[in-house]
Amino acid sequence: MAQFYPIGKLGTPWGPLERQEWLAKQSIQRSYQEEVLSKIQKLAGDFEVVQYGALSYDTEKYPLFALKTPGFGKTGKPLVLVTGGVHGYETSGVQGALRFLETRAKEYAADFDIMVAPCVSPWGYETVNRWNPNAVDPNRSFKKDTDSEEAAAVLKLVSSIELPVVLHMDLHETTDTDESEFRVAKAARDGKESHEPDVVPDGFYTVGDTENPQAEFQAAIIDAVRKVTHIAPPDPKGRIIGEPICQEGVINYPIKTFHVCSSIITGAKFVSTTEVYPDSPKVTDALCNEAQVAAVSGALEFVKQSIRAETATAQA
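Residue 74 in the UniProt record's numbering sits at position 74 of the sequence shown, and the numbers go up by one each step.
If you are wondering where the hints come from, they were derived from the structure by calculation, not from laboratory data. Incorrect hints may have been included.
No farther apart than 35 angstroms at their CA atoms in a straight line, the calculated lysine-lysine pairs in the DSBU-like style are these [what the hints assert, rightly or not]:
1. K186 <-> K256
2. K156 <-> K68
3. K237 <-> K9
4. K39 <-> K282
5. K269 <-> K106
6. K227 <-> K237
7. K77 <-> K227
8. K143 <-> K25
9. K269 <-> K156
Between beta-carbon pairs, the in silico distance windows are [said to hold, decoys possible]:
10. D190 <-> A312: 50 to 58 angstroms
11. A312 <-> P244: 30 to 38 angstroms
12. P281 <-> K227: 17 to 25 angstroms
13. D111 <-> V50: 17 to 25 angstroms
14. T12 <-> T313: 53 to 61 angstroms
15. P281 <-> D198: 15 to 23 angstroms
16. P244 <-> D190: 21 to 29 angstroms
17. G267 <-> A309: 17 to 25 angstroms
18. T257 <-> K74: 33 to 41 angstroms
19. K61 <-> Q247: 37 to 45 angstroms
20. P70 <-> T313: 27 to 35 angstroms
21. T313 <-> D46: 32 to 40 angstroms
22. Q315 <-> R239: 38 to 46 angstroms
Being a predicted model, the structure only gives us computed values, none of them experimental. Backbone N, C-alpha and C define an ideal beta-carbon position, used for all residues, glycine too.
Make a model of the complete structure from these sequences and hints.
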């Protein structure tokens, strides 16, 4: 059933007044300082913490940090990027990235140089929001001349990496509010009279790249997460969020066309966007975080074994 979002005029795209009206309705619901920055501070003894920017909405309140394994970019090891919280309201994207740093990153630092940007959109984290204060979705904004400060800061960070990145994991969630709030708001913002309702998948899935699907790699992620939580089945039409599944728990997007975060590493062989479902009665917040850790760890394990196999073949 079509829903009308209570801002603006039906069928008319939002202008500055409507965006301001939308912003006035947002409120702080949790603390970036207490839930994110305090954890980053505790990790500073084991990782290099670098500030790669600050959001102009409040530069003191919203500094942007990445954490690197010691010697990142100087050891000759393959480089890995993990991003979380591009959509600030997707909690396990942020907390899962931090949990990975707390529990598994040092283990994989023996084989990889790893950089983690755990909370790309801190204003969105605090207000539990998909958009930034300008009603812009950062995860459709990773492009030249972007209108998202969050995306621009990550793009600048990535431009500072001199060696090729072999793996990029971007950690996300699909929530019930995607359907009840954010897709309805997007239709109103863009001047559409309604949005096409969809089914929110119950379980974990990944989004690969249509141009570089890497089926075995995606399957390794799914198998690793399967040990922690359930994998999303397709809907009756064989789809997940409107896209046909290409293998169990996996759909593919033309990521460069959509300007999503997973598209920013040109030439990365292994790329995946994780999608955890936190509203399932089968999971807890802690389990969702562990699913993200399992996804990153499963990806790293697959890449590690792939590199070893390639090296052995080259030496044979």
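Violated hints, by number in ascending order, as checked against the structure: Checked against the structure, no hint fails, so every one of them is satisfied.
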